[in-house]
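K.L.:
Which chain is which? The protein sequence lines are A and B, in order. The opening position of the first sequence corresponds to residue 0 in numbering that gives the first Met the number 0, with each subsequent residue numbered one higher. The opening position of the second sequence corresponds to residue 0 in numbering that gives the first Met the number 0, with each subsequent residue numbered one higher.
If you're looking for bench data, these hints aren't it; they were derived computationally from the structure. A couple of the hints might just be wrong.
[Claimed, not checked] If you only want the chain A side, here are some residues facing chain B, beta carbon under 7 Å, derived: (1) Leu14; (2) Ala15; (3) Asp21; (4) Leu53; (5) Tyr75; (6) Gln76; (7) Glu106.
Since this is a predicted model, take the numbers as computed values, not measurements. Cβ coordinates follow ideal geometry from the N, Cα and C atoms, glycine included.
The chain contents come next:
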Amino acid sequence: MNTLDLTWETEREDLAALYQDDRAERLAWAIEYARQCRGQPLLVKQHLTDWLTLLTHVHDRLDLHEAALELISLLYQPVIHLGHFAEWTSQVRFAIAVCDRLGRTAEQAEFLERLVEGTLGLAYWSSGRLLKAEWHMRRSAQAAKQLNARWQFARQTGNLALVALFRGRLLIFIG
Amino acid sequence: MDIEQISVGLLEQALRSWRKGELPPTELLDLELIKQTDGSAQTRSNSLRDRIHQHIAQQLIACRNRADLPPGEIPPRSLETLKTQIAVDFATERLGLTRWSALYYQYVEGSLDVKDLAKYALGDSARIQETNEREFRRYVHAALKLLTHTVRDWEAEAQRGLRRVQLPAAEYLHDGYYDPTGSLVKELAQLLNAPNGVQILSIEGLGGIGKTALARRVADQVTGHAEIARVIWISARQERFNTGSGAHLEHDDHAARSRADVISALVNKLGYEHLDRLSTEEKVERLILVMAGLRALIIIDNLETLDDSRLLVPDLVRMQGQARFLLTSRDSLSGFDAIHCRSVPQLPFAESAHLLNSELGRLGDKRRLSEAEAHQIYATVGGVPLALKLIAAQLADFLDVSDVLSDIRRAQPNDAPELMFEFIYRRTWRLLGRSARRLLLAIYDAVAPEGADLDWIIGITAQDGLVRTDFKAALSELRRYSLIETIPAHVPRYALHRLTITFLQTNVAQTRWCGSADVKP
């Protein structure tokens, strides 16, 4: 490595340090702004990709994961209403992993349910594919039970009962 | 008109009116899908009638094909032909065919009334006539329901068409590809515009050569052409590159962009968000149907950054229909027969020298580079517009060209263009003040590659302690060194060039800090 490269190594350390300096504050501002934007889908839509950029960068900072979780929770509903499932899925997966690491099982169950099973179950139900709906809801209920997330479990069981009723299989469900 | 107002009853009324040579209900004449038809109510009525009649006939032929029947005569030349055809259609007992056949003969062909049609379709021996008529009407009604969905889709499409051009604002319009005569833009636009022109065109070349800017200009030209009704822009996320300094860059699964993401983006941008829940394969199948009748220009920028870009190409070939695809890629797609590849050449020397001098002028530097100096730069960075612009910005601070080029010389553009940019950016970084550096890093951290408005950027940097005056100075410093692009729009947006992001990403990622996911004490 020549002298110039050595110089750059030091400068790179400075660059990275400068980058790390204010990340927590930036994230805090983004959370506060997300709070202000609740009920204003146009604003959420306008800045969604900026929030996503910030969240993606936060993945590498363990100490910011809890704050990131808060931001994901805040944005979840408006983003889903806007129909941005594809862009959002990776953030919900990240939230599940963070909850797992932090031992926040109830929230983990909630995110799990949101990510796949329950949401998928409802989606299939609404499109009339009851067999698939039932399968996903059953898995969601199982996950909630394993994680002792009683509210999620109750909700999914209720949904399952309705799907079973639609399929004319209520007795089998009860059995 | 509200799409939900398009009902079976309304369409049946219209079909009945057309059969009698009258105008349809006035609500239908206000549909967005015939708004572009010039002229009177009669002209609009004819336009809608022709479209609906054509659709019904097409559906009938398609159903006959699926039932292995000949397409038949449409319209039938004689009553005998009509009788035979309707009887054959109904004899197949295929639901789709019987429905479209019933609708076609009752309202499009229209020479017989229901009583006769029911008799020829369902026979008159085994059933009483009234039952046959009721059953025939049920078939007509079922087909009308399908037709209603189709007309609603057309109208939804037309209403979406009000926002049919989804291009990023004039990004890099003045900062990227340098083509004073516009000849390449014209050539590519003509290729795409020609009635039997190229369907998939790939613009290829080095990073920083101006592929995105060129694609943007081509899209601008093509937008105005009647052949193209919609323009959609999909941008793949920037990749990370290894500078060759030995540092390993982690692959970020969450940030990865793939074929599935592009298909999803296409579904969303076309306004079919409800298909989001389908698998990628299913989405492709649905898009094939959508694209069959859609004259659109779809631009996929930075295709090479997709993990599985080569898997996407066969999908594009299948989906093309009446659409045109314009791709930009560093990697050549010349291995695919269906793709017309056009590489963006580096600027010749004369244009490179002109660009350097005009950049110096823009920065308020009145000197003109001598031919020897320009040659020196050209020999080092080649005719890559972004590199020339970055160099020109540095020259405004350093009189000696050799100073500016000293470390860049170690990376020749033909060997490793990314490495050349790494050295250029390092030098630019050294020239920045602390506030500009902080602003640059804040934008990298919290602004999407597509850019954000000033309010957002002020918001994220207020936390960095950048006061208003500092912020303004920092912003103009970034502009001066061509590190930030201003994207003109109703509310202007500010974005970093993809190569600037890559430079920061590379250098930030090579240092791990306490609290990072991979903590280094």
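K.L.:
Run through the hints listed earlier and report the numbers of any the structure violates, in increasing order.
P.N.:
5, 6 and 7
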